[in-house]
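Trainee: Below are the chains, spelled out letter by letter.
Number of protein chains: 2
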Amino acid sequence: MPRLYHLPLSPFCRKIRLVLAEKRIEVELIEERPWEKRLDFLRLNPAGKVPVLITANGQALSESAAIFEYLEETVPEPPLLPADPVQRAEVRRLVGWFDDKFNREVTENLLFERVTKRLAKLGYPDGACLKAGSQNIRVHLDYATFLLEGHNWLAGPRLTIADLAAAAHLSCLDYVGDVPWDDYPAVRDWYSVMKSRPCFRSLLADHLPGFPATDHYADLDF
Amino acid sequence: MPRLYHLPLSPFCRKIRLVLAEKRIEVELIEERPWEKRLDFLRLNPAGKVPVLITANGQALSESAAIFEYLEETVPEPPLLPADPVQRAEVRRLVGWFDDKFNREVTENLLFERVTKRLAKLGYPDGACLKAGSQNIRVHLDYATFLLEGHNWLAGPRLTIADLAAAAHLSCLDYVGDVPWDDYPAVRDWYSVMKSRPCFRSLLADHLPGFPATDHYADLDF
Numbered sequence: 001m002p003r004l005y006h007l008p009l010s011p012f013c014r015k016i017r018l019v020l021a022e023k024r025i026e027v028e029l030i031e032e033r034p035w036e037k038r039l040d041f042l043r044l045n046p047a048g049k050v051p052v053l054i055t056a057n058g059q060a061l062s063e064s065a066a067i068f069e070y071l072e073e074t075v076p077e078p079p080l081l082p083a084d085p086v087q088r089a090e091v092r093r094l095v096g097w098f099d100d101k102f103n104r105e106v107t108e109n110l111l112f113e114r115v116t117k118r119l120a121k122l123g124y125p126d127g128a129c130l131k132a133g134s135q136n137i138r139v140h141l142d143y144a145t146f147l148l149e150g151h152n153w154l155a156g157p158r159l160t161i162a163d164l165a166a167a168a169h170l171s172c173l174d175y176v177g178d179v180p181w182d183d184y185p186a187v188r189d190w191y192s193v194m195k196s197r198p199c200f201r202s203l204l205a206d207h208l209p210g211f212p213a214t215d216h217y218a219d220l221d222f
Numbered sequence: 001m002p003r004l005y006h007l008p009l010s011p012f013c014r015k016i017r018l019v020l021a022e023k024r025i026e027v028e029l030i031e032e033r034p035w036e037k038r039l040d041f042l043r044l045n046p047a048g049k050v051p052v053l054i055t056a057n058g059q060a061l062s063e064s065a066a067i068f069e070y071l072e073e074t075v076p077e078p079p080l081l082p083a084d085p086v087q088r089a090e091v092r093r094l095v096g097w098f099d100d101k102f103n104r105e106v107t108e109n110l111l112f113e114r115v116t117k118r119l120a121k122l123g124y125p126d127g128a129c130l131k132a133g134s135q136n137i138r139v140h141l142d143y144a145t146f147l148l149e150g151h152n153w154l155a156g157p158r159l160t161i162a163d164l165a166a167a168a169h170l171s172c173l174d175y176v177g178d179v180p181w182d183d184y185p186a187v188r189d190w191y192s193v194m195k196s197r198p199c200f201r202s203l204l205a206d207h208l209p210g211f212p213a214t215d216h217y218a219d220l221d222f
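Heads up: the protein sequence lines correspond to chains C and B, in order.
Heads up: the first sequence is residues 1 to 222, going by my numbering.
Heads up: the second sequence is residues 1 to 222, going by my numbering.
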């Protein structure tokens, strides 16, 4: 069985967990705290980052974009990219939007400050970062609202890896209560549908000792 | 003819220019200064980043990873990814290494501080960033040396997008004289071969007003 080295509240790990679950690939989850710089883990991924996927053949794959493309190439059903090259580029652009821009402007400001710093004993959250993250998430939720106009999924009529990438980030922030859902009903409706998918079950069962999830985190009718 | 909105010293733009040239796709280069937040440009890419490729059909594509995959899918020759899925994952891992880890640890510390800040009138370079970048580049050049042991290219026996991504970053830093080549002969030899490829010609002809390139920048026998 493949193994995934991961952290429960890493959006990049969650994206891959969602991909694996959508493609019905069973996986053994192994929690890894990258800041501990465990030598055996650095041998698997010298970049020292999660996720790392160990395939059934024992190959260690890292970088979530590379792992996703590998899974899409080797287990094509159900497809998480459209068939048309221009539409594929649009879906990958949106993945870049969430994994780079949203990550820098929102996730790192909120999640790194609130959770990772405490876990890795790096000090207290920086108030300026928390404020910037809380302001920036609104711009991104506006953009997601715009993307959802006229269709059910972020990149059009079908679920794609763009939805999984966005839901991975938002689910981490939702765990700590940082998503102002009430002001963005279209995004909330989309996320509610995402949460109800079987692929989301394992994420909703995550529990981080010392960091209780918000009340509505695992609630499908939030 | 396709058009590419770019910045001469952006490694992400240079990577795409190298891909286009390897695949012998002629392109019109249009310089765009993203920090000016030109409205017509933001309509092409709401993330406000270069590169943006306008295809011959008028489609605007952004995010360099998405643009690369589009070009690889639509103009397969010469291939810049291997055929085997595990090897493809390894090449994409290395692209992630340079475009994420190297970029954060080296390129942003040196190039952003020295060049972008002055162009965008954001103040003086931060000495702590310059120092961190100069130290970090050595770790990465060690890693590149390790990758080059026993073969000619970073990911094995053939040129791949990993070489183009790495060369794109290093060529920008070489323009401003920030690469300690003498201490890393294997990497210098690899870069010397890269520089001699026809795809590199347009990069070596780049000239940024107010920022003269180092003497050896365009020299093939440096």
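It should be emphasised that the hints constitute simulated quantities derived from the structure, not laboratory data.
Mixed in with the good hints, there may be bad ones.
Note that identical chains are pooled: a pair holds if it fits in a single copy or bridges any two copies.
What the hints assert, rightly or not - Straight-line alpha carbon distances no greater than 25 Å define the calculated SDA-like cross-link-like pairs of lysine to any residue that follow:
| # | residue 1 | residue 2 |
| --- | --- | --- |
| 1 | K23 | D84 |
| 2 | K101 | L39 |
| 3 | K101 | A132 |
| 4 | K37 | R201 |
| 5 | K37 | N136 |
| 6 | K121 | G156 |
| 7 | K117 | A128 |
| 8 | K37 | K117 |
| 9 | K23 | L141 |
| 10 | K101 | F146 |
| 11 | K23 | R138 |
| 12 | K117 | R197 |
| 13 | K101 | R33 |
| 14 | K37 | T74 |
| 15 | K101 | D40 |
| 16 | K131 | D215 |
| 17 | K37 | A218 |
| 18 | K131 | P2 |
| 19 | K131 | I54 |
| 20 | K131 | P79 |
| 21 | K37 | D84 |
| 22 | K37 | D142 |
Quantities reported herein were computed from a predicted structural model and do not represent experimental measurements.
Trainee: For every hint, state whether the structure bears it out.
Mentor: Hints, one by one, checked against the model:
For the identical chains of this complex, K23 and D84 are neighbours both inside a copy (20 Å) and across copies (20 Å), given an alpha-carbon limit of 25 Å. Taking the closest pair of Cα atoms, K101 and L39 come within 25 Å of each other only across two copies (19 Å); inside a single copy the shortest separation is 31 Å, beyond that limit. With identical chains, the CA atoms of K101 and A132 are at most 25 Å apart both within one copy (13 Å) and between copies (23 Å). In this homomeric assembly, K37 and R201 never come within 25 Å of each other (Cα to Cα): the closest approach is 30 Å inside a single copy and 41 Å across copies.
Taking the shortest Cα distances, K37 and N136 sit within 25 Å of each other only across copies (17 Å), while inside one copy they are farther apart (31 Å). With identical chains, the CA atoms of K121 and G156 are never at most 25 Å apart, being 42 Å at best within one copy and 39 Å at best between copies. For the identical chains of this complex, K117 and A128 are neighbours both inside a copy (15 Å) and across copies (22 Å), given an alpha-carbon limit of 25 Å. Taking the closest pair of Cα atoms, K37 and K117 come within 25 Å of each other only inside a single copy of the chain (15 Å); across copies the shortest separation is 33 Å, beyond that limit.
Taking the closest pair of Cα atoms, K23 and L141 never come within 25 Å of each other, the shortest separation being 27 Å inside a single copy and 38 Å across copies. In this assembly of identical chains, the alpha carbons of K101 and F146 lie at most 25 Å apart only when taken from the same copy (17 Å versus 31 Å across copies). Within a single copy, K23 and R138 get their C-alpha atoms no closer than 32 Å, and across copies no closer than 41 Å, so neither meets the 25 Å cut-off. With identical chains, the CA atoms of K117 and R197 are never at most 25 Å apart, being 31 Å at best within one copy and 46 Å at best between copies.
In this assembly of identical chains, the alpha carbons of K101 and R33 lie at most 25 Å apart whether taken from the same copy (24 Å) or from different copies (18 Å). When the C-alpha separation of K37 and T74 is checked against a cutoff of 25 Å, the pair qualifies neither within a copy, at 31 Å, nor between copies, at 41 Å. Taking CA atoms no more than 25 Å apart as the test, K101 paired with D40 passes between copies only; the shortest distance there is 20 Å, against 31 Å inside one copy. For the identical chains of this complex, K131 and D215 are intra-copy neighbours only, at 23 Å inside a copy versus 46 Å across copies, given an alpha-carbon limit of 25 Å.
In the homo-oligomer, the alpha carbons of K37 and A218 never lie at most 25 Å apart, since the shortest distance is 31 Å inside one protomer and 40 Å across protomers. For the homomeric pair K131 and P2, neither the shortest alpha-carbon distance inside one copy (40 Å) nor that between copies (41 Å) is at most 25 Å. Within a single copy, K131 and I54 get their C-alpha atoms no closer than 38 Å, and across copies no closer than 36 Å, so neither meets the 25 Å cut-off. With identical chains, the CA atoms of K131 and P79 are never at most 25 Å apart, being 38 Å at best within one copy and 46 Å at best between copies.
Taking the shortest alpha-carbon separations for K37 and D84, neither the intra-copy value of 41 Å nor the inter-copy value of 30 Å comes in at or below 25 Å. Proximity of K37 and D142 under a CA criterion of 25 Å is satisfied inter-copy only: 19 Å between copies versus 38 Å inside one chain copy.
Of the numbered hints given earlier, the model fails hints 4, 6, 9, 11, 12, 14, 17, 18, 19, 20 and 21; all others are met.
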